[in-house]
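Novice: I would like the entire structure built from these sequences, with the hints used as guidance.
So the protein sequences, as listed, match chains A and B.
The first sequence maps to residues -11 to 176 in my numbering.
The second sequence maps to residues 154 to 389 in my numbering.
Please note that a few of the clues may not be correct.
Claimed, not checked - Incomplete in silico selection of chain A near chain B, CB under 7 Å:
1) L72
2) N78
3) N81
4) T111
5) V112
6) C150
7) S152
It is worth saying that the hints were derived from the structure and are not from the lab.
All values reported here derive from a predicted model rather than from experimental measurement.
Virtual Cβ for every residue (Gly too), placed ideally from N, Cα, C.
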Amino acid sequence: MAPTAAPLLIQHPAAAGYVGKWLVEQFGPDEFDEQVFDKTAVVPSAEPTLTTPPDRPSDRPLTAPSVVALHDNRERVKARFRLLRRLRANHDNEGAAAPSPESIDRAIAFVDQMRTFLPFFATVDDDGSAVIEFEDRNRGFFADITFCAGDTIECYRRQVGCPSEYFEGVLGSAAARDFLASQLGILF
Amino acid sequence: MCREAPEQPDDTCRRCRELLAQHEDDRGLADLLEQQHPSCQCEQHCIGVGSPGVVQDNEYVHRIIASPRDYDPVSRTIRVTPFGKVAENGLSVWRGNGPEEDIRRLLEDGLTRSASEPHREIFAICEVEAGEIRRMRSADDQRLFCIYDQTVCPVNPDEPPVSTHASVFLRVLAPPGTPHGKRMQKDYALQLREKRSPQSSTAVDFVCPSMRAQPTASSFVTALLADHDPAGLAPR
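Specialist: Below you can see the structure in the form of structure tokens.
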């Protein structure tokens, strides 16, 4: 797809992908995603909870903008996982394994089941396991869920001012649900 | 050339060099380094093949973000998970004082693919001063990271290693495989990505000029940016 937008050179902190003292410059359009995403559609909210109710036309003022997002964050992350599934081994040229289709599928199913959640993102680790990262920089909150082999998950949570927490166990277990609810605010 | 530090007339330099060369793909390399050469001992030696010397605190190092899994294009954020490499076989970086040819080769390595694979692209380049990483401390005041002038095998095995490659390793490690160890690794990988000072969060406007101000690495980056800036919007 031919690039039509302005270059992605960062000029403002809010749009920067700026990571602390890692100063970030971006190059070129992201064709990997242009096949699926409208980049202007959704930027995750800074609000801690994204339980947006269904958007009913009757609730919207007539003067509301007619431009609507193509995908909400949930759908965007699921679509991104489907794209990541196509990566091959050594996609980072540093020896990363190809993403595990089973792990990706379980992550997508998990996303479908979540009722409340923070802003979240899709990635995969070097073993090929799907990872959902939750991040709210305004609150200094970060968490992730790694979908390991079998039904096991690894969860990590860090919140500014609190000790970090880690959990490893079976996804459907009561202990896992307790951890997800109490530490990540995820309900099903 | 491997040079012994005067205060260490043993074969530490050779052993550091061998360990880093023979285990460059070993995800337990960070553990091995801390076990065999604790407290960043190998930083005293120039160990990379053709390396211009140990990495100095005032050097800038760069990390290429080239895999789609590392970067979210909508939020324009770099994900944390890939930084976990610091606890395994090291986070690869290039040294900002290297010649343009080295940078060109490292970027080309990031874009190299087989004929059947989709094209690759460089999503971002991160820059940080080596001293900033070395000054990071754990809660019990231990240094967290070591930076070695490690060179690695290039994608094209017919070429020599890129002499200005370097690697960042986490050194404060709990016993491997334990839940406590994994939590600590994630804590520190996150800290490495998040490292910031109060003034730096508003410093993005001079990101590009600061890279361009460097006499070596920046000129190639500048040219690359110009290629992607047909509208001329990039700061000059």
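Novice: A separate judgement is required for each hint: does it hold in the structure or not?
Specialist: Verification of the supplied hints:
| no. | hint | in the structure |
| --- | --- | --- |
| 1 | L72 | 6 Å, holds |
| 2 | N78 | 9 Å, violated |
| 3 | N81 | 6 Å, holds |
| 4 | T111 | 4 Å, holds |
| 5 | V112 | 5 Å, holds |
| 6 | C150 | 12 Å, violated |
| 7 | S152 | 5 Å, holds |
This entry does not satisfy hints 2, 6, going by the numbered hints stated previously.
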